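Those protein sequences? They're chains R and X, same order as listed.
Residues 221 to 556 (the numbering used here) make up the first sequence, in order.
Residues 15 to 361 (the numbering used here) make up the second sequence, in order.
Hints are all accurate, no fakes.
Listed next, the in silico SDA-like pairs over lysine to any residue satisfying Cα-Cα at most 25 angstroms (straight line): (1) Lys239(X) <-> Glu284(R); (2) Lys341(R) <-> Thr220(X); (3) Lys239(X) <-> Asp288(R); (4) Lys318(X) <-> Arg273(X); (5) Lys328(R) <-> Glu230(X); (6) Lys226(R) <-> Met167(X); (7) Lys239(X) <-> Glu276(R); (8) Lys341(R) <-> Ala235(X); (9) Lys239(X) <-> Val234(R); (10) Lys285(R) <-> Arg143(X); (11) Lys328(R) <-> Arg359(R); (12) Lys285(R) <-> Gly153(X); (13) Lys341(R) <-> His146(X); (14) Lys341(R) <-> Thr142(X); (15) Lys341(R) <-> Asp184(X).
Keep in mind that the hints were calculated from the coordinates and are not lab data.
Since the model is a prediction, treat every value here as computed from it, not as a measurement.
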Amino acid sequence: MNADLKGMLPVDAVVVEGRPGLWWMDMSGVSLTEPFFQQTVERAKTDGNRRELFTEFDVLLQLEKQLDSVPPTGFIFHSSRCGSTLVANACRAINNSIVLSEANAIDKLIARFITDAGDVKTSLYSVLLRGVVNALAQRRSGNEEHLFIKFACCSFAQIERIRRIWPNVPWLFLYRDPVETIVSNLRDVPPWLLDNDRRVLASIVGTPADEVAGMPLEELCARTIGSLFSTAHRLANAGQLLLNYKQLSVSVISSVLSFFKVSPSTAELETIERANHLYSKEAYVQRTFSADADAKQKLASDAVREAAAKWATDPYQLLEQKRLGQTNQVNNHECN
Amino acid sequence: MDTETSFDGDYGPRRLSVELANICNLHCSYCFRSDENLYTSRAEFFPLELLRRVIDEARTAANVTRINFTGGEPTLHPQFEETLQTISDAGLTVSFVTNGWHFERVWPGLESNRAAVSFVAFSLDGVTREDHDRWRGNGSFDRLVRAFTRCYMSKLPFGIKIVIRRDLVDQIEQIAIFAARMGAASLHFAHVMPTSDAVTHTAVLTLDEQRAVEEEIAILARIFKMNVRLDVGYYNIDETRPPCAPLAGVSMNVDFRGRLSLCCNLSGFRGAAEESDVIADLNVESFASAYEKFTALASGQLQKRIEALRAASSRPDIYTGSPCLFCLQSFGKIPWHRSSLAADSRG
Numbered sequence: 221m222n223a224d225l226k227g228m229l230p231v232d233a234v235v236v237e238g239r240p241g242l243w244w245m246d247m248s249g250v251s252l253t254e255p256f257f258q259q260t261v262e263r264a265k266t267d268g269n270r271r272e273l274f275t276e277f278d279v280l281l282q283l284e285k286q287l288d289s290v291p292p293t294g295f296i297f298h299s300s301r302c303g304s305t306l307v308a309n310a311c312r313a314i315n316n317s318i319v320l321s322e323a324n325a326i327d328k329l330i331a332r333f334i335t336d337a338g339d340v341k342t343s344l345y346s347v348l349l350r351g352v353v354n355a356l357a358q359r360r361s362g363n364e365e366h367l368f369i370k371f372a373c374c375s376f377a378q379i380e381r382i383r384r385i386w387p388n389v390p391w392l393f394l395y396r397d398p399v400e401t402i403v404s405n406l407r408d409v410p411p412w413l414l415d416n417d418r419r420v421l422a423s424i425v426g427t428p429a430d431e432v433a434g435m436p437l438e439e440l441c442a443r444t445i446g447s448l449f450s451t452a453h454r455l456a457n458a459g460q461l462l463l464n465y466k467q468l469s470v471s472v473i474s475s476v477l478s479f480f481k482v483s484p485s486t487a488e489l490e491t492i493e494r495a496n497h498l499y500s501k502e503a504y505v506q507r508t509f510s511a512d513a514d515a516k517q518k519l520a521s522d523a524v525r526e527a528a529a530k531w532a533t534d535p536y537q538l539l540e541q542k543r544l545g546q547t548n549q550v551n552n553h554e555c556n
Numbered sequence: 015m016d017t018e019t020s021f022d023g024d025y026g027p028r029r030l031s032v033e034l035a036n037i038c039n040l041h042c043s044y045c046f047r048s049d050e051n052l053y054t055s056r057a058e059f060f061p062l063e064l065l066r067r068v069i070d071e072a073r074t075a076a077n078v079t080r081i082n083f084t085g086g087e088p089t090l091h092p093q094f095e096e097t098l099q100t101i102s103d104a105g106l107t108v109s110f111v112t113n114g115w116h117f118e119r120v121w122p123g124l125e126s127n128r129a130a131v132s133f134v135a136f137s138l139d140g141v142t143r144e145d146h147d148r149w150r151g152n153g154s155f156d157r158l159v160r161a162f163t164r165c166y167m168s169k170l171p172f173g174i175k176i177v178i179r180r181d182l183v184d185q186i187e188q189i190a191i192f193a194a195r196m197g198a199a200s201l202h203f204a205h206v207m208p209t210s211d212a213v214t215h216t217a218v219l220t221l222d223e224q225r226a227v228e229e230e231i232a233i234l235a236r237i238f239k240m241n242v243r244l245d246v247g248y249y250n251i252d253e254t255r256p257p258c259a260p261l262a263g264v265s266m267n268v269d270f271r272g273r274l275s276l277c278c279n280l281s282g283f284r285g286a287a288e289e290s291d292v293i294a295d296l297n298v299e300s301f302a303s304a305y306e307k308f309t310a311l312a313s314g315q316l317q318k319r320i321e322a323l324r325a326a327s328s329r330p331d332i333y334t335g336s337p338c339l340f341c342l343q344s345f346g347k348i349p350w351h352r353s354s355l356a357a358d359s360r361g
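Build out the structure end to end from the sequences listed, making use of the hints.
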C-alpha cells in the first residue's frame, strides 16, 4: 500500500486550489463507534496530533488493487429524522462490522454526480465512489466481515447510480410521517437544508437553484422528502425493504439484519436492545430515547401541515401502500 | 511524439528528438510516418558515433538537457542499450516513445542506465485487449500491461500516449481511468494526423468533435493528479505566444539519417511531397551551424502562422487554427489535401 496512506482513511471530499480530491486523516487505532462518521473524525482530532493530507482521486485507483476491503453487506437510505441512525447503531452492534454513517467522502462524492453533471460522465465518479468505499472499508483489524453504509438523505436521489455500482447489495429505505419529519428538521435545521450550493436540492425537487434559494424551509423540506418518497415508491420492489419509523422495535431491527443476511447472536441482540432505548444520535451522552410522534404532530404549524399536504402526503401514502403490500420478514410483523 | 505543449503553455526542457530507427514492428494504419520508411526500405539505425557527437554539440550550442528517442520503433535499434549509455555518459537525461512490444528485451539495458532514463512513453490504442490488439496485433496489450507494471514497480515514471481516433471519442474517460489504474504519470492525447482523404474521413475528428473532446480532456486534467493533456495539434489561434515547443525553439528533431529538422511530427510524413522542414545534414555539418538555421526556420514559420491567423476570418479553418495542420500544409506534407480542396471547389 502507498506508504503515505498507511493507517489513513479518506475523511472528506474536498476541493483544494481548484482540484477536487480527498482529505485523508490518520485513523490508526480509532474505531468507528460514534453514530456518525464525522463524530469519530472529530474525536480522533482531539486525541492527538494526527497526520492529515490531501490527494487527488487517482490514488483510489491504485489503492483498489492493494487494499483488502470488506464488500458492502447492506445499504441504509432514509428521508431524514426517521430512525435510520437507530438502525445503523444496531448494525454497529454486530461483531466485526464496519458502519459508515453519512461519511462526508461518500456523500459529497455522490453530490458531485449532480453538481458536475454535464461536465463529467457519471462512470468516472462511479469508479471513484467505489474506490472511496473500498478505502473506508479496508480491513484494519483483519477480522471485519460486514460493511453497512448509511447514506445521507439526499444521496437517495442517486440510488439508481449507486445500484449500478453495487447491483446485488440489499438496501432499505426508512421514512416517517411527513409532518413529523418536517417538524423535526425545522426544530434543528440540518446542514443539507442550509447548503449554500443549492444544485443538489434543486435537482431533487426539480426546480431551478435560485428558486430553491427563495423557498421557505417548510416547503423545501416537504418537497425534498416528497421527492425521496416518490423515488422509493418507484424503485422499491420485492428485493428491497421499506421501513416506517413507526415500525421500529428490537424485533423489527433484528429482522432488518436478517434482510441484510446477518444473524445476530444473543449477545448482539442484547446490545441492540440496550441501544434501542437510547437516543440514537448522541455519541457520548446516553439520553433515554422516547417515541415522539405525538409530540411532533402537536408542534406542527399550519405552514408545516400545508407544505406536507401539498408536497409530501400523497407520495407518503403511496409509499405506505407499497410497504404494506411487501411480503417480507419485516413487514409481516405488526409492530409498534 | 515530443511536440507537446500543455494547456498552461509549458514548453518543457530544451530537448532533441532523435529517430533511432526508421522501421517499426507494428503496422498501425493511422500512423503518420512514411510507410515506405517503416516497412519497405532497408532498416536504418542512428549511428552511435553520430549520436555521441550530436548530443555533445547540442548541449553546447543549444543548451539541450534532454534527449527523446523516437522512430520508427526506437527499441529496434540493435544497440539500444548503448544509446542509453551514451546519453548517460554525457550526463543528460533520456526518454523514449515505444509501442512496448520489445520492452522485456530492452529492460536490462534500462535498468543499467536507470539514472539517466527519466521517462518512458507508451502508445496505446484501447483500454481492453480486444480494442488495443485490433490495431497492434495479438499479444500487444498484454506486453504493454507487463511493461507498465515493470515501470510502476521500479518507480520509473511512464506515460501513455493515445491518438484520438473517431472510434475512441466515447472512451476518453475510460482511458483516463485505465491509465490511472496502471499508475501512469501522464496521459497525453493527440489528434490524428491526416495522412490521406481516407484517414481523414474514417479517423479524424471534425472541428466540433475535437472541441468536445478537448473540453472533456480539460475536465479530466483538473480531476486527475496524473498529468492529463492534449498534445499540440489542437485548435489554437492565440498568436501571442508560440503554439508548440519546436516553434518556441525549445525542441528539435534529428531524423534516422542524421538530419536536423523542425519537428518530429513533420519528419518522414506519410505521403509528403516536400522536405523543406529538413534544415541540415549533421553527418557533414556541425550542430552549431545547423542550430542557427533551425532558429531562423522556427521563427520564420512562427511569423508565417501569425500572418495567416491575422489574414484569416475571426474563426480560421482547422488547417490554419491547428498548428500541426498549418505546418503540414505549409511544408507540403499533405499534397492530397490541396487536391481534394481543388476537387471540392470544382465539384
